[in-house]
Amino acid sequence: MNFDRFKVIISEEFNLPVKDVKGEIEFRNMEAWSSLHALLFIARINEEEGVMLTSSDLALCTYLEDIYKLIVSK
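Using our numbering, the letters of the sequence shown map in sequence onto residues 5 to 78.
None of these hints come from the bench; they were simulated from the model.
The C-beta atom is built at its ideal place from N, Cα and C for all residues, glycine as well.
Just to be clear, a hint being listed does not mean it is correct.
Claimed, not checked - Quick list of the computed label-pair ranges, beta carbon to beta carbon:
| no. | residue 1 | residue 2 | range |
| --- | --- | --- | --- |
| 1 | Ala42 | Val76 | 17 to 23 Å |
| 2 | Met56 | Lys23 | 28 to 34 Å |
| 3 | Leu40 | Leu74 | 19 to 25 Å |
| 4 | Lys78 | Glu16 | 30 to 36 Å |
| 5 | Lys73 | Trp37 | 14 to 20 Å |
| 6 | Gly54 | Asn33 | 26 to 32 Å |
| 7 | Pro21 | Ser60 | 17 to 23 Å |
| 8 | Ser77 | Ala42 | 23 to 29 Å |
| 9 | Asp8 | Lys78 | 15 to 21 Å |
| 10 | Gly54 | Pro21 | 15 to 21 Å |
| 11 | Thr58 | Pro21 | 26 to 32 Å |
| 12 | Ser15 | Asn50 | 14 to 20 Å |
| 13 | Gly27 | Ser59 | 17 to 23 Å |
Unchecked claim - Straight-line distance between alpha carbons at most 25 Å, and here's what the computed BS3-like set of lysine-lysine pairs gives:
| no. | residue 1 | residue 2 |
| --- | --- | --- |
| 14 | Lys26 | Lys11 |
| 15 | Lys23 | Lys11 |
| 16 | Lys11 | Lys78 |
| 17 | Lys11 | Lys73 |
| 18 | Lys78 | Lys26 |
| 19 | Lys26 | Lys73 |
| 20 | Lys23 | Lys73 |
Between the sequences and the hints, there should be enough to build the whole structure, so can you do that?
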(Lines of atoms letter the chains of each structure in order from A; the text may use other names.)
(Lines give C-alpha, C1' and ligand atoms only; values in the text may rest on other atoms or scores of the structure.)
Protein backbone atom coordinates (compact mmCIF):
# COMPACT_ATOMS: atom_id res chain seq x y z
CA MET A 5 0.00 0.00 0.00
CA ASN A 6 1.26 3.45 -0.82
CA PHE A 7 0.27 6.60 1.03
CA ASP A 8 -2.04 7.76 -1.76
CA ARG A 9 -4.07 4.54 -1.45
CA PHE A 10 -4.14 4.96 2.33
CA LYS A 11 -5.47 8.51 1.89
CA VAL A 12 -8.28 7.23 -0.34
CA ILE A 13 -9.30 4.64 2.27
CA ILE A 14 -9.26 7.25 5.05
CA SER A 15 -11.24 9.61 2.84
CA GLU A 16 -13.91 7.01 2.13
CA GLU A 17 -14.15 5.64 5.65
CA PHE A 18 -14.24 8.98 7.42
CA ASN A 19 -15.99 11.08 4.79
CA LEU A 20 -13.12 13.51 4.21
CA PRO A 21 -11.95 14.97 0.90
CA VAL A 22 -8.75 13.17 -0.15
CA LYS A 23 -6.96 16.51 -0.41
CA ASP A 24 -7.61 17.08 3.31
CA VAL A 25 -6.10 13.77 4.44
CA LYS A 26 -2.65 14.52 5.86
CA GLY A 27 -0.27 12.32 7.79
CA GLU A 28 -0.06 14.80 10.66
CA ILE A 29 -3.78 14.64 11.47
CA GLU A 30 -4.45 13.34 14.97
CA PHE A 31 -7.04 10.77 13.93
CA ARG A 32 -8.86 10.68 17.28
CA ASN A 33 -9.71 14.35 16.74
CA MET A 34 -11.39 13.71 13.40
CA GLU A 35 -15.11 14.45 13.60
CA ALA A 36 -16.12 11.04 12.21
CA TRP A 37 -13.73 8.99 14.39
CA SER A 38 -15.48 6.63 16.78
CA SER A 39 -14.89 3.15 18.10
CA LEU A 40 -17.31 1.80 15.50
CA HIS A 41 -15.50 3.57 12.67
CA ALA A 42 -12.22 2.24 14.03
CA LEU A 43 -13.53 -1.33 13.80
CA LEU A 44 -14.81 -0.75 10.26
CA PHE A 45 -11.46 0.73 9.28
CA ILE A 46 -9.59 -2.24 10.80
CA ALA A 47 -11.85 -4.65 8.90
CA ARG A 48 -11.32 -2.82 5.61
CA ILE A 49 -7.53 -2.79 5.98
CA ASN A 50 -7.64 -6.51 6.75
CA GLU A 51 -9.88 -7.25 3.77
CA GLU A 52 -8.10 -5.07 1.21
CA GLU A 53 -4.50 -5.26 2.38
CA GLY A 54 -4.38 -8.53 4.31
CA VAL A 55 -3.06 -6.69 7.37
CA MET A 56 -4.71 -7.32 10.70
CA LEU A 57 -4.57 -4.32 12.99
CA THR A 58 -5.80 -4.49 16.55
CA SER A 59 -7.27 -1.86 18.80
CA SER A 60 -4.04 -2.13 20.79
CA ASP A 61 -2.10 -1.25 17.63
CA LEU A 62 -4.24 1.85 17.14
CA ALA A 63 -3.83 2.79 20.80
CA LEU A 64 -0.10 3.18 20.15
CA CYS A 65 -0.73 5.59 17.28
CA THR A 66 -1.41 9.31 17.42
CA TYR A 67 -1.34 10.47 13.81
CA LEU A 68 -2.64 9.04 10.55
CA GLU A 69 0.97 8.69 9.48
CA ASP A 70 1.56 6.39 12.47
CA ILE A 71 -1.25 4.11 11.29
CA TYR A 72 0.13 4.11 7.76
CA LYS A 73 3.61 3.17 8.97
CA LEU A 74 2.14 0.40 11.12
CA ILE A 75 0.25 -1.05 8.15
CA VAL A 76 3.33 -0.96 5.95
CA SER A 77 5.46 -2.59 8.65
CA LYS A 78 3.16 -5.61 9.03
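Okay, the hints, checked on the actual structure:
1. Ala42 with Val76: 17 to 23 Å: The hinted range 17 to 23 Å holds for Ala42 and Val76, with Cβ atoms some 19 Å apart.
2. Met56 with Lys23: 28 to 34 Å: 29 Å, holds
3. Leu40 with Leu74: 19 to 25 Å: 20 Å, holds
4. Lys78 with Glu16: 30 to 36 Å: Violated: the Cβ-Cβ distance is about 21 Å, outside 30 to 36 Å.
5. Lys73 with Trp37: 14 to 20 Å: Cβ of Lys73 to Cβ of Trp37: about 18 Å, so the range 14 to 20 Å holds.
6. Gly54 with Asn33: 26 to 32 Å: Once the Cβ atoms are compared, 29 Å apart, the range 26 to 32 Å for Asn33 and Gly54 holds.
7. Pro21 with Ser60: 17 to 23 Å: Since the Cβ atoms of Pro21 and Ser60 sit about 30 Å apart, the hinted range of 17 to 23 Å is violated.
8. Ser77 with Ala42: 23 to 29 Å: 19 Å, violated
9. Asp8 with Lys78: 15 to 21 Å: Because 19 Å falls inside the window, the suggested range holds.
10. Gly54 with Pro21: 15 to 21 Å: 27 Å, violated
11. Thr58 with Pro21: 26 to 32 Å: Taking Cβ atoms as reference, Thr58 and Pro21 lie about 29 Å apart, which means the hint holds.
12. Ser15 with Asn50: 14 to 20 Å: This hint holds: roughly 19 Å between Cβ atoms.
13. Gly27 with Ser59: 17 to 23 Å: 21 Å, holds
14. Lys26 with Lys11: 8 Å, holds
15. Lys23 with Lys11: 8 Å, holds
16. Lys11 with Lys78: 18 Å, holds
17. Lys11 with Lys73: 13 Å, holds
18. Lys78 with Lys26: Between Lys78 and Lys26 the Cα gap is close to 21 Å, so the pair holds against 25 Å.
19. Lys26 with Lys73: Since the Cα atoms of Lys26 and Lys73 sit roughly 13 Å apart, the hinted pair holds (cutoff 25 Å).
20. Lys23 with Lys73: Since the Cα atoms of Lys23 and Lys73 sit roughly 19 Å apart, the hinted pair holds (cutoff 25 Å).
The structure shown violates the earlier hints numbered 4, 7, 8 and 10.
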